[in-house]
Amino acid sequence: MGEDEGEGGHDEGTVDNVSDLTKNPKPPVEELPPSETPWQESLRLFRKDRLAVAGAYVLLLLLLTAVFGKVLTEWVVVFDPEVVRLPEKFLPPLTVSSPDEISAHDRPFGGIYLLGTDELGRDVFARMLQGSFVSLSIGFIAVGISLAIGILLGGLSGFYGNVRLGVVTVDTLIMRFTDVMLCFPTFFLILTVVALLPPSIYNIMIVIGLTSWMGTARFVRAEFLALRKQDFVVAATSIGARDRRVIFAHMVPNAIAPVLVSATIGVATAILTESGLSFLGFGVQPPYATWGNILADGKGFIFDAPWLFFIPGMAILVVVLAFNLVGEGLREALNPKLRRR
Amino acid sequence: MQAFILRNVLQRLLLVFIVSILAHSVIHLAPGEPSEVDPANPRMKPEDIAKIREAFHLDAPLYMQYAYWIRDLASGELKSFKDSQPVLGKIWRRFLNSLPLFICATLLVWTLAFPTGIQAAMHRGAVYDRTTTFAAYTLISVPGFFLSYIVILWVVDLFGVPVIGLKTFGMELAPPLFQTMDRIWHLVIPSLMSALGGMAILSRYVRSQMLEVVGQDYVRTARAKGATEDVVIYRHALRNALLPFVTMFGFLLPGLIGGSVIFEQIFAWPGLGRLGYEAILARDFPVILTLNFIAAVLTLAGTLLSDILYAVVDPRIRTGLQGDG
Numbered sequence: 008m009g010e011d012e013g014e015g016g017h018d019e020g021t022v023d024n025v026s027d028l029t030k031n032p033k034p035p036v037e038e039l040p041p042s043e044t045p046w047q048e049s050l051r052l053f054r055k056d057r058l059a060v061a062g063a064y065v066l067l068l069l070l071l072t073a074v075f076g077k078v079l080t081e082w083v084v085v086f087d088p089e090v091v092r093l094p095e096k097f098l099p100p101l102t103v104s105s106p107d108e109i110s111a112h113d114r115p116f117g118g119i120y121l122l123g124t125d126e127l128g129r130d131v132f133a134r135m136l137q138g139s140f141v142s143l144s145i146g147f148i149a150v151g152i153s154l155a156i157g158i159l160l161g162g163l164s165g166f167y168g169n170v171r172l173g174v175v176t177v178d179t180l181i182m183r184f185t186d187v188m189l190c191f192p193t194f195f196l197i198l199t200v201v202a203l204l205p206p207s208i209y210n211i212m213i214v215i216g217l218t219s220w221m222g223t224a225r226f227v228r229a230e231f232l233a234l235r236k237q238d239f240v241v242a243a244t245s246i247g248a249r250d251r252r253v254i255f256a257h258m259v260p261n262a263i264a265p266v267l268v269s270a271t272i273g274v275a276t277a278i279l280t281e282s283g284l285s286f287l288g289f290g291v292q293p294p295y296a297t298w299g300n301i302l303a304d305g306k307g308f309i310f311d312a313p314w315l316f317f318i319p320g321m322a323i324l325v326v327v328l329a330f331n332l333v334g335e336g337l338r339e340a341l342n343p344k345l346r347r348r
Numbered sequence: 034m035q036a037f038i039l040r041n042v043l044q045r046l047l048l049v050f051i052v053s054i055l056a057h058s059v060i061h062l063a064p065g066e067p068s069e070v071d072p073a074n075p076r077m078k079p080e081d082i083a084k085i086r087e088a089f090h091l092d093a094p095l096y097m098q099y100a101y102w103i104r105d106l107a108s109g110e111l112k113s114f115k116d117s118q119p120v121l122g123k124i125w126r127r128f129l130n131s132l133p134l135f136i137c138a139t140l141l142v143w144t145l146a147f148p149t150g151i152q153a154a155m156h157r158g159a160v161y162d163r164t165t166t167f168a169a170y171t172l173i174s175v176p177g178f179f180l181s182y183i184v185i186l187w188v189v190d191l192f193g194v195p196v197i198g199l200k201t202f203g204m205e206l207a208p209p210l211f212q213t214m215d216r217i218w219h220l221v222i223p224s225l226m227s228a229l230g231g232m233a234i235l236s237r238y239v240r241s242q243m244l245e246v247v248g249q250d251y252v253r254t255a256r257a258k259g260a261t262e263d264v265v266i267y268r269h270a271l272r273n274a275l276l277p278f279v280t281m282f283g284f285l286l287p288g289l290i291g292g293s294v295i296f297e298q299i300f301a302w303p304g305l306g307r308l309g310y311e312a313i314l315a316r317d318f319p320v321i322l323t324l325n326f327i328a329a330v331l332t333l334a335g336t337l338l339s340d341i342l343y344a345v346v347d348p349r350i351r352t353g354l355q356g357d358g
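Residue numbers (our numbering), protein chains in the order written: chain R, 8 to 348; chain G, 34 to 358.
Don't read these hints as lab results, they were simulated from the structure. Treat each hint with caution, since some may be false.
As the list claims (entries may be wrong) - Heads up, incomplete: computed chain G residues facing chain R, CB under 8 Å, no partners named:
| no. | residue |
| --- | --- |
| 1 | L46 |
| 2 | T332 |
| 3 | L333 |
| 4 | L337 |
Think of the CB as a built atom: it goes at the ideal place given N, C-alpha and C, for glycine as much as any other residue.
Based on the sequences and whatever the hints tell you, model everything.
As structure tokens, then:
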């Protein structure tokens, strides 16, 4: 029964008013707000932001690309990113592969290099396809880790903050630890740890995740502190709901909006961080292709083969921009304070 | 007020202690040791490695290594693994190189972000607002080194000026005026490039902060009493909108080290970020450790400063929410 109290209250009020009106034949004095749930309202507001909608379409396209990229480069090898064709290196985009120099087995799909070839004659299109999945999974896994830690610590601090462990409260302990983590310059810390650990794509995901949860923890705590005093939480507690139920059925759904926003922007940041690490030579190591390391490798050929530099660069720019725009669109759409303006 | 400052300082000192322990353990728990950097180097004999391990206490337990580090740091005796130079001296020289870059970039950020953000907020939804919004997001989203490379190519092609490094090699005998001009040219592009990201973010903050303030009652009151638009915006709205930016001073200082790694690498600028990068490549633990520690201490000092400033400019903090510091 508790589920209705948080989000449904608005609906019930509207329904009552409507039934009042049908009983009263008098014309309505004031136009009623359209009956919609908060999520519907957010969706409507999100749709009004054209940049964010465009970003959402780009992300959808990217998701499809990443999935197809994974399938077509690893499971059903149509585009093989690892074939080295030394006679055909540094070919510009849309060059047709010549059948005399390359054996039929090694030729690219359709016999054409859509995005050209790199310094080893590898098909850039195939590498970008493979990289889209790797880059995206770095973003998602890193953000997943940081959200898990952030929500756990922020939630603990917000809900059980007053519990004392010896001399300090849980809240003090967790928030001071958050402060300490915030003291370190994030990129330099990531660089330090990644450089000292053995090179591995999982280490990069984990390190980015472990160093970026502080913001999430802080605002989950703030949301929880505010929500604890709300009537529907007090009511749920007073009818004897267990802590677990109060937290997961009542508080988490209401605290999720800012988390969603920061997760979206977090993926963007993680992709940028990975490209920065690649630039410094500490990124994902071969054979994995990521957009970051294709770009970092391409910078050496900026005069001879500009497409090796500009294609991954523009791809990163567009995707990160899309994530940021969607994130901002969500922030505006989910923020009740900004709605009325 | 004094109690407020004292409490904050004590809290920060405790945090410094915890930070130092954490920094130390992060570096030393990770696998990979300075003696392993160059296993293929034929000049590295086992006795050399043993000598290095002895000299830098690498065989002592972790807490003793920590104690040695603190002792050496405090007495200024801490030596780099790589070239046995004192760490603090190395950092200080690099700091002096980073400083002009940092100051220029900060000035650019703060002088350009405010007018842009205020204008955007004043014309909410107009072409100017939408253009700057989109431009800001693009600048946030572009990989820094991608944009820098493009700009380097463009500037070198168009103006024919050198932009890499601190100064042009071989200019020592040129007249002072030329030397100064050379220095300035070398400074402009790196500081502009490292400022762009911060500029975009800050102008967004300024915009949303202005929007927040413009909707307040006291702004409506100012309009109602007939104040001109400029007075309303710059005297009534802006002054209140500025408050939160005082806290941002705190986050400027650590940018000296962390934010500059990539840009100093691109422009071959021998500053702190590059020192850190070189130290990481060489597994030069004392330098990495000290840099991380100094960055953290700078952040703490910055937040302390901003807390105090905030209390000075906003009386509500002083009287009401002292515990929130």
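Original post:
Regarding the hint that L46 of chain G lies at the interface with chain R, is the smallest CB-CB distance below 8 Å?
Top reply: Since the shortest Cβ distance to chain R is 13 Å, the answer is violated.
Subject >> Agreement of hint L333 of chain G with chain R interface, Cβ distance less than 8 Å >> reply: Hint holds; L333 of chain G Cβ to chain R Cβ min 6 Å, cut 8 Å.
**OP:** Hold the hint about L337 of chain G up to the distance rule: shortest CB distance to chain R must be less than 8 Å.
**Re:** violated, 11 Å
Subject >> Supplied contact hint for T332 of chain G, tested at 8 Å Cβ to chain R >> reply: holds, 4 Å
The earlier numbered hints that this structure contradicts are 1, 4.
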